[in-house]
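Student: Listed in order, the protein sequences are those of chains A and B. Here this note's numbering is used: the first residue of the first sequence is 1, the next is one more, and so on. Here this note's numbering is used: the first residue of the second sequence is 1, the next is one more, and so on.
Since the hints were made in silico from the structure, they are not lab data. No residue lacks a Cβ here, since even glycine has one placed at the ideal position from N, Cα and C. Wrong hints could be hidden among the right ones.
[To be verified] Distance ranges between label pairs, derived from CB positions:
1) B:Ala80 <-> A:Arg18: 34 to 42 Å
2) A:Arg255 <-> B:His186: 57 to 65 Å
3) A:Ser6 <-> B:Asp87: 32 to 40 Å
4) B:Asn183 <-> A:Met208: 40 to 48 Å
5) A:Ala228 <-> B:Gln20: 53 to 61 Å
6) B:Thr29 <-> A:Arg18: 29 to 37 Å
7) B:Asp87 <-> A:Arg92: 19 to 27 Å
8) B:Lys43 <-> A:Lys239: 55 to 63 Å
9) A:Cys111 <-> B:Asp35: 15 to 23 Å
10) B:Arg62 <-> A:Ser66: 40 to 48 Å
[To be verified] Mimicking PhoX-like on lysine-lysine, the simulated pairs with C-alpha atoms at most 20 Å apart in a straight line are:
11) A:Lys104 <-> B:Lys142
12) B:Lys179 <-> A:Lys104
13) B:Lys46 <-> B:Lys33
[To be verified] Residues from chain A shown here face chain B by an in silico Cβ test under 8 Å; the list is partial:
14) Leu82
15) Gly85
16) Ala86
17) Ala102
18) His112
19) Ala221
20) Val224
21) His227
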Amino acid sequence: MNILESDWFFSMVKNHGRTPRMRLLAVFTIAGQWISAPGIRESFRQYQATHPAAALKAYMVDMAASAGARDPTALATQLVILLQGAIAEELRDPASGAMENAGKAAHAVVCHACQRSHESMYRVVAAGIATMLLATVAWLVASPAQAPVHPAMITAASGAMQPGSMVPAIVNPREMETVLHLQEKFKRGVCPVPHLLALPPGQMTAYMNVVQFRTPDDPEADRVNLHAFLAWYEQTRAKECYYAPENGHTLVKWRAS
Amino acid sequence: MATQMREYILGVASDLFSSQGINATSVDTIVAKADIAKVTLYKYFKSKEQLILEYLREYDARLWRKLSEVTARDDISPKAKLGALVDAMMDWIADPEFKGFACTNASVEFPQSENPVHQSSLEFARNLRNTLTTLAREAGIKNADTLALQLSLVIEGAAITERTQRGTGAVEHAKCLAKIIINSSH
Chain A
1 MNILESDWFF SMVKNHGRTP RMRLLAVFTI AGQWISAPGI RESFRQYQAT HPAAALKAYM
61 VDMAASAGAR DPTALATQLV ILLQGAIAEE LRDPASGAME NAGKAAHAVV CHACQRSHES
121 MYRVVAAGIA TMLLATVAWL VASPAQAPVH PAMITAASGA MQPGSMVPAI VNPREMETVL
181 HLQEKFKRGV CPVPHLLALP PGQMTAYMNV VQFRTPDDPE ADRVNLHAFL AWYEQTRAKE
241 CYYAPENGHT LVKWRAS
Chain B
1 MATQMREYIL GVASDLFSSQ GINATSVDTI VAKADIAKVT LYKYFKSKEQ LILEYLREYD
61 ARLWRKLSEV TARDDISPKA KLGALVDAMM DWIADPEFKG FACTNASVEF PQSENPVHQS
121 SLEFARNLRN TLTTLAREAG IKNADTLALQ LSLVIEGAAI TERTQRGTGA VEHAKCLAKI
181 IINSSH
């Protein structure tokens with residue numbers, strides 16, 4: 001089996017990153033997770049010995065082009081070189097941290113290759129967020145009671161307007177969205193549910209505040225705790241998520257009782 | 001005369017080791033190729049293992065001679081030296097005769113860590129890594145260890161890619177790659 005060219009691998013990569021740029025880097029994350037699994041290590045050895053990585057490279061060229069790289073083939077070739085080197089070193093010395101550092105290097109390389117388009121994208125996104133925040137604040141001033149936003153954001157926005165608090169203590173809307181998506185996945189049985197009671201108390205509170213649409217007492221602490229929770233989940237449990245194939249072949253539909 | 005014979009046997013054995021692998025080359029093959037008596041071989045080398053160790057030592061010495069041309073330069077900054085060192089390795093890989101680094105291949109063929117061949121095969125990589133770390137530190141890079149590791153990954157990856165996909169310009173891409181990594185480290 002060509003471990004890094006299986007559909008399984010590609011769909012893991014796809015699920016791991018939302019944007020092409022994140023997917024390019026996800027190749028390193030997932031290869032790193034797999035290579036530390038005892039049963040899979042052997043396949044990597046065979047892969048390295050025999051395979052020219054053509055399909056993986058083609059996939060990376062695609063992703064690099066979508067990510068706006070100036071020279072997609074060059075970027076893909078460079079990333080494959082880095083990956084091959086990291087696999088060899090990981091096989092020789094599992095404790096070397098080769099894949100992790102290759103991922104860091106890949107980040108720098110991707111940034112370098114997509115610099116110009118990245119900057120313009122950043123400006124667009126930043127402008128978008130600023131507009132949204134302004135709109136929210138304006139709306140709050142006009143009709144605070146009807147604001148259809150999450151309480152955590154309301155607190156944050158009104159906090160920003162208080163005199164003296166120059167830095168808005170805001171729960172990151174993107175992370176909030178991630179938590180809500182995650183909750184949806186728990187309900188559908190796609191991802192393993194963490195034992196909320198075993199979490200650090202602050203993280204449990206932050207999590208419950210989001211899913212129950214409660215206003216946090218301390219948005220700053222919630223922001224930190226939510227970030228920590230998501231990082232922890234991503235690292236330890238997210239890989240156990242099962243995503244049904246998109247073609248629906250083995251999808252089991254449960255009838256609502 | 002004696003040293004000439006010794007060099008000659010080592011040369012024949014080295015060619016065979018690098019072209020068809022160390023384990024796949026028996027003493028009989030070496031003797032046949034060199035057209036000498038087996039006794040003659042054992043007069044100069046007490047075992048195949050000794051032959052392998054000498055082969056690795058000689059290969060490493062040749063590579064180091066090339067690299068020390070770069071490290072001995074004092075007309076360029078440590079940062080430029082890092083790049084030049086990687087470039088020198090890349091030129092070595094770009095040689096059409098290149099069949100993988102002898103030490104890397106040997107460590108794959110002799111995976112048992114207590115084996116003398118395995119231990120000797122790790123030496124080159126360790127020295128190279130140390131040299132890279134020292135240069136990175138001289139260049140004022142804080143995470144010198146990380147950069148040295150990343151650069152050695154680039155070198156190894158380029159060697160593998162160049163061997164499995166000749167003519168895709170892996171070496172040139174790898175040179176670029178190394179420069180980007182060096183410049184983005186601090």
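Student: For every hint, state whether the structure bears it out.
Tutor: Now for the hints, and whether the structure bears them out:
1. Hint check: Ala80 (chain B) to Arg18 (chain A), Cβ distance near 39 Å, so the stated range 34 to 42 Å holds.
2. Under the hint 57 to 65 Å, the C-beta atoms of Arg255 (chain A) and His186 (chain B), about 59 Å apart, fit the expected range.
3. A hinted range of 32 to 40 Å for the beta carbons of Ser6 (chain A) and Asp87 (chain B) is consistent with their spacing of about 36 Å.
4. Checked against the hint of 40 to 48 Å, the C-beta distance between Asn183 (chain B) and Met208 (chain A) comes to roughly 46 Å, which is consistent with it.
5. A beta carbon spacing of about 55 Å between Ala228 (chain A) and Gln20 (chain B) agrees with the range 53 to 61 Å that was offered as a hint.
6. The hinted window of 29 to 37 Å between Thr29 (chain B) and Arg18 (chain A) is violated, with their beta carbons roughly 56 Å apart.
7. For Asp87 (chain B) and Arg92 (chain A), the hinted distance range of 19 to 27 Å is satisfied, since their beta carbons lie about 24 Å from each other.
8. Taken as a hint, the range 55 to 63 Å holds for the pair Lys43 (chain B) and Lys239 (chain A), whose Cβ atoms sit roughly 60 Å apart.
9. About 59 Å separates the C-beta atoms of Cys111 (chain A) and Asp35 (chain B), a value inconsistent with the hinted range of 15 to 23 Å.
10. For the pair Arg62 (chain B) and Ser66 (chain A), the beta carbons lie near 45 Å from each other, so the given range of 40 to 48 Å is met.
11. At most 20 Å may separate the alpha-carbon atoms for a hinted pair to count; Lys104 (chain A) and Lys142 (chain B) meet this at roughly 15 Å.
12. Proposed proximity of Lys179 (chain B) and Lys104 (chain A) is supported: the alpha carbons are some 15 Å apart, at most 20 Å.
13. For the proposed pair Lys46 (chain B) and Lys33 (chain B), the alpha carbon gap of about 19 Å is at most 20 Å, so the pair holds.
14. Restraint check, Leu82 (chain A) versus chain B: the minimum CB separation of about 6 Å is within 8 Å; hint holds.
15. Proximity of Gly85 (chain A) to chain B holds as hinted, the smallest CB-CB distance being about 3 Å (cut-off 8 Å).
16. Because the closest C-beta pair between Ala86 (chain A) and chain B is about 5 Å apart, less than 8 Å, the hint holds.
17. Look at Ala102 (chain A): its Cβ gets to within about 5 Å of chain B, closer than 8 Å, so that hint holds up.
18. Nearest Cβ of chain B to the Cβ of His112 (chain A): about 5 Å, under the 8 Å cut. The hint holds.
19. For Ala221 (chain A), the suggested interface contact is broken, since its CB lies about 31 Å from the closest CB of chain B, more than 8 Å.
20. For Val224 (chain A), the interface hint is violated, since its Cβ never comes within 8 Å of a Cβ in chain B; the closest pair sits about 26 Å apart.
21. Hint on His227 (chain A) is violated. Least Cβ distance to chain B is approximately 24 Å, over the 8 Å limit.
Checked against the numbered hints given earlier, the structure breaks hints 6, 9, 19, 20 and 21 and satisfies all the rest.
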